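Participant: Build the full structure now, drawing on both the sequences and the hints.
So the protein lines, in turn, are chains A and B. So the first sequence is residues 1 to 358, counted in my numbering. So the second sequence is residues 1 to 358, counted in my numbering.
Some hints here could point you the wrong way.
What the hints assert, rightly or not - Taking lysine to aspartate or glutamate pairs in the EDC-like style, the calculated list, with each CA pair at most 20 angstroms apart, reads: (1) K353(A) - D316(A); (2) K341(A) - D250(B); (3) K341(B) - D250(A); (4) K333(B) - D251(A); (5) K143(B) - E131(B); (6) K333(B) - D323(B); (7) K333(A) - E247(B); (8) K243(B) - D262(A); (9) K341(A) - D251(B); (10) K243(A) - E260(B); (11) K341(B) - D251(A); (12) K243(A) - D262(B); (13) K243(B) - D268(A); (14) K341(B) - E247(A); (15) K243(A) - D268(B); (16) K333(A) - D251(B); (17) K243(B) - E260(A); (18) K341(A) - E247(B); (19) K119(A) - D178(A); (20) K333(B) - E247(A).
It is worth saying that the hints were derived from the structure and are not from the lab. Fair warning: this is a prediction, and the values are worked out from it, not measured in the lab.
2 protein chains.
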Amino acid sequence: MAPIPTSRISVFQFEWLTTCMKQGSALRSRAIRLQVLKRLLAIVCTLSPLAAAHADPLPAWNEGDPKRSIVSFVERVTKHGGPDFVPPAERIAVFDNDGTLWAEQPVYFQVAFALDQVKTLAPRHPQWRTEEPFASILKGDVKTALSGGEHAAVQIMAATHAGMTTDEFQHAVRKWLDTARHPRFKQPYTKLVYQPMLELMQYLRANGFRTFIVSGGGIEFMRVWAQEIYGIPPEQVIGSSGKMQYEMRDDRPVLVKLPEVDFVDDGDGKPVGIQKFIGRRPIAAFGNSDGDQQMLQWTAAGDGARLAVLVHHTDDAREWAYDRQSHIGKLDKALDEARAKSWVVVSMKEDWKTVFPP
Amino acid sequence: MAPIPTSRISVFQFEWLTTCMKQGSALRSRAIRLQVLKRLLAIVCTLSPLAAAHADPLPAWNEGDPKRSIVSFVERVTKHGGPDFVPPAERIAVFDNDGTLWAEQPVYFQVAFALDQVKTLAPRHPQWRTEEPFASILKGDVKTALSGGEHAAVQIMAATHAGMTTDEFQHAVRKWLDTARHPRFKQPYTKLVYQPMLELMQYLRANGFRTFIVSGGGIEFMRVWAQEIYGIPPEQVIGSSGKMQYEMRDDRPVLVKLPEVDFVDDGDGKPVGIQKFIGRRPIAAFGNSDGDQQMLQWTAAGDGARLAVLVHHTDDAREWAYDRQSHIGKLDKALDEARAKSWVVVSMKEDWKTVFPP
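Facilitator: Structure (structure tokens):
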């Protein structure tokens with residue numbers, strides 16, 4: 001058996017111990033003393049052969065530059081005493097969602113939800129049978145429905161994402177996820193997440209990172225399933241949002257979703273959303289389209305070691321191949337900047353052993 | 001020595017162990033095995049006499065109903081297998097800031113910052129010597145300056161909180177905190193935090209809670225010092241905010257603070273802010289004024305055990321005494337609701353042994 005690389009295994013424990021000891025003298029509480037004791041024991045325990053079993057944390061990734069760059073970055077920022085060391089509290093990694101953590105073709109999954117939701121809600125709105133864009137959606141003619149451009153989109157979103165309480169909306173999303181199937185893969189949409197990215201998030205968390213979603217998608221839509229599917233709790237999901245209003249109904253308070261845009265978490269909005277919700281600059285960012293360019297710029301421009309990664313959709317057989325000409329997930333300017341600045345570009349075809357979970 | 005109440009000491013460790021074991025079979029990662037091992041050892045260690053030393057976690061609180069209610073609540077929601085048990089991830093406690101965690105008289109401390117900042121910035125704005133509300137502030141006549149009402153307030157906030165990058169603003173706040181002194185106590189403003197509330201937050205965190213600030217104050221203003229003073233990291237600070245804009249300056253990205261209100265985190269806005277930033281309903285909420293009423297309603301209306309607490313400023317000798325008639329921190333409707341609904345009302349005079357840290 002190879003010698004145990006102590007520096008890598010016990011880094012996280014040592015940090016905790018140091019923090020606890022510093023605080024211990026000031027606070028002298030039982031809880032702090034407990035933490036110190038626990039961490040001391042944890043350090044001993046990391047040196048045992050059981051803990052040292054060394055498995056590949058990213059088995060769905062082929063060996064290659066992207067995987068090497070990611071692992072090297074994580075090793076550098078967690079190396080205690082090293083020049084690139086970053087304390088755990090600042091190990092923030094941000095992930096775009098559509099096209100980065102799950103698929104986004106042939107339409108954003110949230111758009112699929114909205115179109116299905118029009119059908120679900122139609123019995124309560126008989127006038128929709130003759131009123132566009134609803135009439136076309138009900139006839140199955142999405143192309144005509146969406147030909148109304150932004151005005152049509154706003155009407156669809158208002159009808160399906162507003163005028164209800166947050167609880168009612170969450171219930172509608174959950175119900176849809178249980179029954180809806182993706183048109184190409186005939187699977188629940190939540191099965192179309194990328195196995196290599198699930199592993200990557202787990203790997204980062206095991207190394208003291210916190211993983212956040214920073215997506216143009218709806219914050220309330222994603223929070224319904226992000227914990228179960230990605231292991232990301234609601235408070236680490238950032239996205240676009242509509243305004244909400246606090247009301248009393250039958251003597252009980254509710255939050256009602258209004259048909260007004262509050263925040264668009266895309267492009268220039270992503271660094272703004274990061275500052276607003278997290279208040280610190282991430283050290284790692286993952287995206288797949290021009291909508292992620294500013295988030296990657298903002299992350300990469302911080303001091304110290306930084307990781308900026310683009311997922312490039314290059315696999316028409318297992319998923320889809322698209323970039324500069326795509327209407328969804330267009331990747332053009334960000335790809336040029338990635339090449340100019342040596343950001344990591346992941347080719348789904350070359351770098352991923354598997355795409356979807358088995 | 002009294003027998004060790006195992007149920008109370010090791011609750012948190014047992015929860016973790018169960019969670020880790022459940023996940024262990026699915027994930028089989030080294031990190032998870034490590035966690036299981038660490039927690040096992042931690043349980044053993046909580047049973048040792050060292051760990052069992054039983055100190056009062058709230059020494060700055062007098063014995064009385066408020067202290068008993070708080071401790072009883074914490075014991076109930078952490079009692080594994082009990083009817084009121086709440087998993088750690090859902091143990092969210094929210095705190096108003098001004099008047100709840102630190103003092104707010106004779107003016108909100110952020111207003112004191114803004115007024116001082118006008119003086120600091122005056123050399124760069126010679127026109128302020130003749131332009132209201134700045135001319136009066138520079139002459140030391142705050143009353144005349146603020147007689148311009150909302151328009152004057154907006155001008156002061158725009159001049160001191162916008163037109164600069166987020167980094168520049170943080171720097172300005174830090175510099176002010178280092179030098180400014182409170183007019184009555186002649187202390188740095190960050191010394192005017194409430195010792196009983198510091199203990200309470202520490203006690204909650206030691207019991208697996210996460211503590212969030214939900215304040216009408218500025219989110220960027222509070223994030224500068226909340227970690228150091230309260231142990232609350234930036235991502236757990238929610239407050240009022242101005243809009244921001246992403247820009248490139250000399251090829252480096254910056255976030256510029258704009259003179260436009262983005263979100264007012266007060267009154268009805270507090271439950272909205274909680275849903276927007278946290279995405280889950282807290283189980284405990286602490287406030288001191290009518291601006292906190294809806295936050296307490298929203299928290300108290302959830303299922304299961306809930307704790308809603310008002311700090312009542314009743315101590316003119318050690319701090320201030322004010323409620324229904326006060327222009328700052330007015331406590332009127334919320335006090336009536338607290339009495340009608342048996343929320344906990346803390347009297348600073350009766351219930352706090354000390355007010356400020358020694």
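Participant: Next step is simple, just say for each hint if it's right about the structure.
Facilitator: Comparing the hints with the structure gives:
no. : hint              : result
1   : K353(A) - D316(A) : 14 angstroms, holds
2   : K341(A) - D250(B) : 16 angstroms, holds
3   : K341(B) - D250(A) : 16 angstroms, holds
4   : K333(B) - D251(A) : 16 angstroms, holds
5   : K143(B) - E131(B) : 15 angstroms, holds
6   : K333(B) - D323(B) : 10 angstroms, holds
7   : K333(A) - E247(B) : 17 angstroms, holds
8   : K243(B) - D262(A) : 11 angstroms, holds
9   : K341(A) - D251(B) : 13 angstroms, holds
10  : K243(A) - E260(B) : 17 angstroms, holds
11  : K341(B) - D251(A) : 13 angstroms, holds
12  : K243(A) - D262(B) : 11 angstroms, holds
13  : K243(B) - D268(A) : 12 angstroms, holds
14  : K341(B) - E247(A) : 19 angstroms, holds
15  : K243(A) - D268(B) : 12 angstroms, holds
16  : K333(A) - D251(B) : 16 angstroms, holds
17  : K243(B) - E260(A) : 17 angstroms, holds
18  : K341(A) - E247(B) : 19 angstroms, holds
19  : K119(A) - D178(A) : 16 angstroms, holds
20  : K333(B) - E247(A) : 17 angstroms, holds
Hint compliance for this structure: no hint is broken.
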